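Novice: Below are the chains, spelled out letter by letter.
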Amino acid sequence: KAGVTQTPRYLIKTRGQQVTLSCSPISGHRSVSWYQQTPGQGLQFLFEYFSETQRNKGNFPGRFSGRQFSNSRSEMNVSTLELGDSALYLCASSASGRGLKTEAFFGQGTRLTVV
Amino acid sequence: AQKVTQAQTEISVVEKEDVTLDCVYETRDTTYYLFWYKQPPSGELVFLIRRNSFDEQNEISGRYSWNFQKSTSSFNFTITASQVVDSAVYFCALSEARNSNSGYALNFGKGTSLLVTP
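Here the protein sequences come in this chain order: A and B. Every letter in the first sequence is one number past the one before it in this note's numbering, and letter 46, counting from 1, is 46. Every letter in the second sequence is one number past the one before it in this note's numbering, and letter 37, counting from 1, is 37.
Honestly, the hints are just simulated from the structure, not real lab data.
What follows is a set of in silico ranges between Cβ atoms, one per label pair, in the way DEER data are often shown:
| id | chain 1 | residue 1 | chain 2 | residue 2 | range |
| --- | --- | --- | --- | --- | --- |
| 1 | B | G62 | A | S22 | 27 to 37 Å |
| 2 | A | R73 | B | D18 | 37 to 47 Å |
| 3 | B | N52 | A | L11 | 34 to 44 Å |
Straight-line C-alpha distance at most 27 Å; calculated DSS-like pairs for lysine-lysine:
| id | chain 1 | residue 1 | chain 2 | residue 2 |
| --- | --- | --- | --- | --- |
| 4 | B | K3 | A | K57 |
| 5 | A | K57 | B | K110 |
| 6 | B | K38 | B | K3 |
| 7 | A | K57 | B | K38 |
| 8 | B | K3 | B | K70 |
| 9 | B | K70 | B | K110 |
Over 10 Å on every C-beta distance to chain B, these chain A residues come out as not near it, computed from the model:
| id | residue |
| --- | --- |
| 10 | L21 |
| 11 | S65 |
| 12 | N71 |
On a predicted model such as this, the values are computed, not experimentally measured, just so you know. For glycine and all other residues, C-beta sits at the position ideal for the given N, C-alpha and C.
Produce the complete structure using the sequences and hints provided.
Specialist: The following block contains the structure:
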């Protein structure tokens, strides 16, 4: 069974640009969540999607957005990039549904560098 | 509000030593989930264990064991006879259950960097 796949693995962008990251969850998993990891703030929850609906959202500005498609694949978008957005962005998928919270499996992440 | 504290920032041990990683959590919910993840240098978070708040039974998996104590709000992780391959950053995380339709969000501690030397 294939794991969580994130593309691209590495990305360099210029301040002010926008970026889209992609995540393909484990087959059969309908929950996809995104996390930002930085040396200063650690791992922080961005948002979670389930069946194409955003079910939960962390404390990030509106420049961070996401969506989920009918095949459960998810994308996150960051507009007007700032230097502080440089981070490892991790995607996780889980089989969690109504009343069920299973473990989340993570991808290898996308390393975003903003210059 | 929920919070996870991993007070140990870095731990260094010699191979074959036992090591315990501490995790203390705060939550107002009576139903919640606790997790441990391992992050090797490659960056991927590797799932180690999930524990429900209503299940205080300790667990052992090979050289790994976990001690969950609700009375002290702790969920500690012990590696027995550590090996060099255990070198990684280990994260403890908490997820509150709330209602059945609530989303899935992990609140992570800052992590403990474990270095095992030969």
